[in-house]
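Student: Start from the sequences and build out the full structure, keeping to the hints where you can.
For the protein sequence lines, the chains are A and B, in the order given.
Per our numbering, the first sequence starts with residue 12, numbered consecutively.
Per our numbering, the second sequence starts with residue 12, numbered consecutively.
Where hints are given, some of them may not hold.
If chains are identical, the list can't say which one is meant, so a pair holds when it fits in one copy or spans any two.
[Said to hold, decoys possible] Here are the simulated lysine-lysine pairs, DSS-like style, with alpha carbons at most 25 Å apart:
hint : residue 1 : residue 2
1    : LYS33     : LYS87
2    : LYS182    : LYS192
3    : LYS182    : LYS17
4    : LYS212    : LYS192
5    : LYS96     : LYS211
6    : LYS212    : LYS96
7    : LYS87     : LYS65
8    : LYS182    : LYS87
9    : LYS96     : LYS17
10   : LYS33     : LYS59
11   : LYS87     : LYS59
12   : LYS160    : LYS59
13   : LYS82     : LYS212
14   : LYS33     : LYS82
15   : LYS17     : LYS87
16   : LYS147    : LYS182
17   : LYS96     : LYS33
18   : LYS147    : LYS17
19   : LYS272    : LYS147
20   : LYS148    : LYS17
21   : LYS212    : LYS337
Treat the hints as calculated values from the structure; they're not laboratory data.
Spelled out, the chains give:
Number of protein chains: 2
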Amino acid sequence: MPQLRKDIVTSHWVIIANERLKRPSEFTVTPHTAGDFFCPFCPENESKTPAPIKEYLNDNNEWISRVIPNKYPVLKSERDPAFVKDPFYESMDGVGEHEIIIESRDHHFTYYTATPDDFARNYLVTAERFAALAEKKHLRYGLYFKNYKPDAGATLLHPHAQIIATPIVPKLIWEELVGAKDYHDTNGTCVFCRIMDEEKKRNERLVTENERFVAISPYASMSPYEIWILPRQHTAEFQSLTADDAHHLGMIVHDIFQRYKAVIGDAAFNAYLHTAPFRFPLTGFDRYFHWHIEIAPKTGILAGFELGSGFCINPHAPEECTRMLKEVRQ
Amino acid sequence: MPQLRKDIVTSHWVIIANERLKRPSEFTVTPHTAGDFFCPFCPENESKTPAPIKEYLNDNNEWISRVIPNKYPVLKSERDPAFVKDPFYESMDGVGEHEIIIESRDHHFTYYTATPDDFARNYLVTAERFAALAEKKHLRYGLYFKNYKPDAGATLLHPHAQIIATPIVPKLIWEELVGAKDYHDTNGTCVFCRIMDEEKKRNERLVTENERFVAISPYASMSPYEIWILPRQHTAEFQSLTADDAHHLGMIVHDIFQRYKAVIGDAAFNAYLHTAPFRFPLTGFDRYFHWHIEIAPKTGILAGFELGSGFCINPHAPEECTRMLKEVRQ
Numbered sequence: 012m013p014q015l016r017k018d019i020v021t022s023h024w025v026i027i028a029n030e031r032l033k034r035p036s037e038f039t040v041t042p043h044t045a046g047d048f049f050c051p052f053c054p055e056n057e058s059k060t061p062a063p064i065k066e067y068l069n070d071n072n073e074w075i076s077r078v079i080p081n082k083y084p085v086l087k088s089e090r091d092p093a094f095v096k097d098p099f100y101e102s103m104d105g106v107g108e109h110e111i112i113i114e115s116r117d118h119h120f121t122y123y124t125a126t127p128d129d130f131a132r133n134y135l136v137t138a139e140r141f142a143a144l145a146e147k148k149h150l151r152y153g154l155y156f157k158n159y160k161p162d163a164g165a166t167l168l169h170p171h172a173q174i175i176a177t178p179i180v181p182k183l184i185w186e187e188l189v190g191a192k193d194y195h196d197t198n199g200t201c202v203f204c205r206i207m208d209e210e211k212k213r214n215e216r217l218v219t220e221n222e223r224f225v226a227i228s229p230y231a232s233m234s235p236y237e238i239w240i241l242p243r244q245h246t247a248e249f250q251s252l253t254a255d256d257a258h259h260l261g262m263i264v265h266d267i268f269q270r271y272k273a274v275i276g277d278a279a280f281n282a283y284l285h286t287a288p289f290r291f292p293l294t295g296f297d298r299y300f301h302w303h304i305e306i307a308p309k310t311g312i313l314a315g316f317e318l319g320s321g322f323c324i325n326p327h328a329p330e331e332c333t334r335m336l337k338e339v340r341q
Numbered sequence: 012m013p014q015l016r017k018d019i020v021t022s023h024w025v026i027i028a029n030e031r032l033k034r035p036s037e038f039t040v041t042p043h044t045a046g047d048f049f050c051p052f053c054p055e056n057e058s059k060t061p062a063p064i065k066e067y068l069n070d071n072n073e074w075i076s077r078v079i080p081n082k083y084p085v086l087k088s089e090r091d092p093a094f095v096k097d098p099f100y101e102s103m104d105g106v107g108e109h110e111i112i113i114e115s116r117d118h119h120f121t122y123y124t125a126t127p128d129d130f131a132r133n134y135l136v137t138a139e140r141f142a143a144l145a146e147k148k149h150l151r152y153g154l155y156f157k158n159y160k161p162d163a164g165a166t167l168l169h170p171h172a173q174i175i176a177t178p179i180v181p182k183l184i185w186e187e188l189v190g191a192k193d194y195h196d197t198n199g200t201c202v203f204c205r206i207m208d209e210e211k212k213r214n215e216r217l218v219t220e221n222e223r224f225v226a227i228s229p230y231a232s233m234s235p236y237e238i239w240i241l242p243r244q245h246t247a248e249f250q251s252l253t254a255d256d257a258h259h260l261g262m263i264v265h266d267i268f269q270r271y272k273a274v275i276g277d278a279a280f281n282a283y284l285h286t287a288p289f290r291f292p293l294t295g296f297d298r299y300f301h302w303h304i305e306i307a308p309k310t311g312i313l314a315g316f317e318l319g320s321g322f323c324i325n326p327h328a329p330e331e332c333t334r335m336l337k338e339v340r341q
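Tutor: Laid out in structure tokens, this is it:
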């Protein structure tokens, strides 16, 4: 029997429908191929990108992570976004920042081959960029994300993540903030802290954990093998990440990708960070929000039903995905 | 300069970012291929599907549209969905209906080759199914949708659309209902009627129209070439469609797909219907909702930024898409 499940934070409903896995498909999928392509992110080609915002060097004085402005930005770096005057429709200038974090010198580096230190370094770089972007008074939010493989929306192979900083707080973040505030108002506690407690007690969807972080398959997972990584200690803002936090975050993310590799191979995925809006703690509301990273392997396409209704259909229950990921010997 | 635009019904924000079109891609996309596949939807193979719910016959007594239960349903046809008792998480049984409308006997029929009558017949079939599903007291909503080509989530080639009827009102429908009610409470008029007036006056995003229907590119289009089709006359429920309405709806949908064919070729697309929840008029609230069909050609992948933020990035402004579609000579 399929099941409808409600996300306790956002109140989104998901349909868990295992039967759907049995559906036949008439089509053969040919993997996308990367041809001969000049890579602007490789060493020696630094002059082909805009000037770097920040570079992290190794002992040989070579960069190992490099932050640059996106040459094709979604939002443009200017001050004072203006609301456009119109008697009916509402709009504003597309002002913001769009940065790329080149995560390695190695064109063929992936999250499946990366070391814990590689992850730790890039998360620290990201936290530093968040701290800097949060200083810009016209920005309200920063979304860090990573697309791996063309099926997940990547257009370049060289390993990179992105930050898009926006002049308004995105809808899905608002929904989490509102849900977390409602939960806190009613229950006097952070809903994310409560989820971690509950999942540790039930031990059905807890994938792995270490001294500082917990990784779970969320109860209302929108797609198979979705994982949330949460800091054990209640923290609203990602930019408060210390070097020691980054070390433990690198360890758990490395652990997760080794498990993914064993169970679903070198799969395409999207990952993103949900953190508090900039200057949010100034409002005193940081009691109820708790940053976390969401990783979603790309296993299907959002089609007419999902796009038209907002329901996700997940053909693989998170308890079952957790079981398979936990069986992997490290 | 990119622009942020707010959808006047749902308050979703969209980023219109034309610059993104210039982005290079390292990957070559190979089209999906359909191999030798036994088609359960073709004539002669009727015994391979569940027994039909309804068949529409031609003068030779052959079916030309055929409604069947989905063999791999997302939700299962049973009465009395039960809420599952759990002190923390909320869920309910996945009860509902999942029907397939086989739209033609011809395996290779597409919306780009269909006649206005083909569309009209299938919309009438759909309206009839909605009227029947609305009678089932445990169902709250029916979502009609169509996925064309594997890039848009189709797994079978033979032309078909689907209806999934759910025991709760989906999130995106709630957002439209709430937005439409708020607009009506403030302005005393239906927001969809007002959009049609406004778009006719501005004549920037009105793609085509006939005696009964209007087709526009919405102001905050989530993707290139998105089109909404609205009945001129304020109507909340799709199932009130008459044969004459269906005739005019078939004409305008045919017109749109001929324009698509000329501008973007035989493109993959998703289409879905937004209509009032079942028994909605009984609440007296049908003053503010207005059914419409949304068509979204598949031109990109929702990636980490969209999935993590809820923002859509649309690289092609709707005014420009409208201009190209209007230039097509009929």
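Student: If the cutoff is 25 Å on CA atoms, where do LYS212 and LYS337 land: within, between, both or neither? Let me know, please.
Tutor: within (16 Å within a copy, 61 Å between copies)
Student: Tell me, please, which holds for LYS160 and LYS59 at an alpha-carbon limit of 25 Å: within, between, both or neither?
Tutor: For LYS160 and LYS59, the Cα distance is within 25 Å only inside one copy (23 Å; across copies 38 Å).
Student: Between the shortest in-copy and the shortest cross-copy C-alpha distance, which are at most 25 Å for LYS148 and LYS17: within, between, both, or neither?
Tutor: Between copies only: 22 Å across, 36 Å inside.
Student: If the cutoff is 25 Å on CA atoms, where do LYS96 and LYS17 land: within, between, both or neither? Let me know, please.
Tutor: between (39 Å within a copy, 13 Å between copies)
Student: Quick one: LYS33 to LYS82, C-alpha cut-off 25 Å, is that within a copy, between copies, both, or neither?
Tutor: between (43 Å within a copy, 10 Å between copies)
Student: Indicate which option fits the pair LYS272, LYS147 if close means a Cα-Cα distance not exceeding 25 Å: within, between, both or neither.
Tutor: Intra 39 Å, inter 46 Å, cutoff 25 Å: neither.
Student: Between LYS182 and LYS87, at a C-alpha cutoff of 25 Å, which is it: within one copy, between copies, both, or neither?
Tutor: Close inside one copy (20 Å), not across copies (32 Å); limit 25 Å.
Student: With identical chains, the pair LYS17 and LYS87 could be close in the same copy or across copies; at 25 Å between alpha carbons, which is it: within, between, both, or neither?
Tutor: Close across copies (18 Å), not inside one copy (37 Å); limit 25 Å.
Student: Up to 25 Å between alpha-carbons, please classify LYS96 paired with LYS211: within, between, both or neither.
Tutor: between (52 Å within a copy, 20 Å between copies)
Student: For LYS87 and LYS65, with the copy left unspecified, which applies at a CA distance of at most 25 Å: within, between, both, or neither?
Tutor: within (19 Å within a copy, 54 Å between copies)
Student: If the cutoff is 25 Å on CA atoms, where do LYS212 and LYS192 land: within, between, both or neither? Let me know, please.
Tutor: within (24 Å within a copy, 43 Å between copies)
Student: How would you classify LYS147 and LYS182 at a CA-CA limit of 25 Å: within, between, both, or neither?
Tutor: For LYS147 and LYS182, the Cα distance is within 25 Å only inside one copy (21 Å; across copies 34 Å).
Hint compliance for this structure: hints 13, 17 and 19 are broken, all remaining hints hold.
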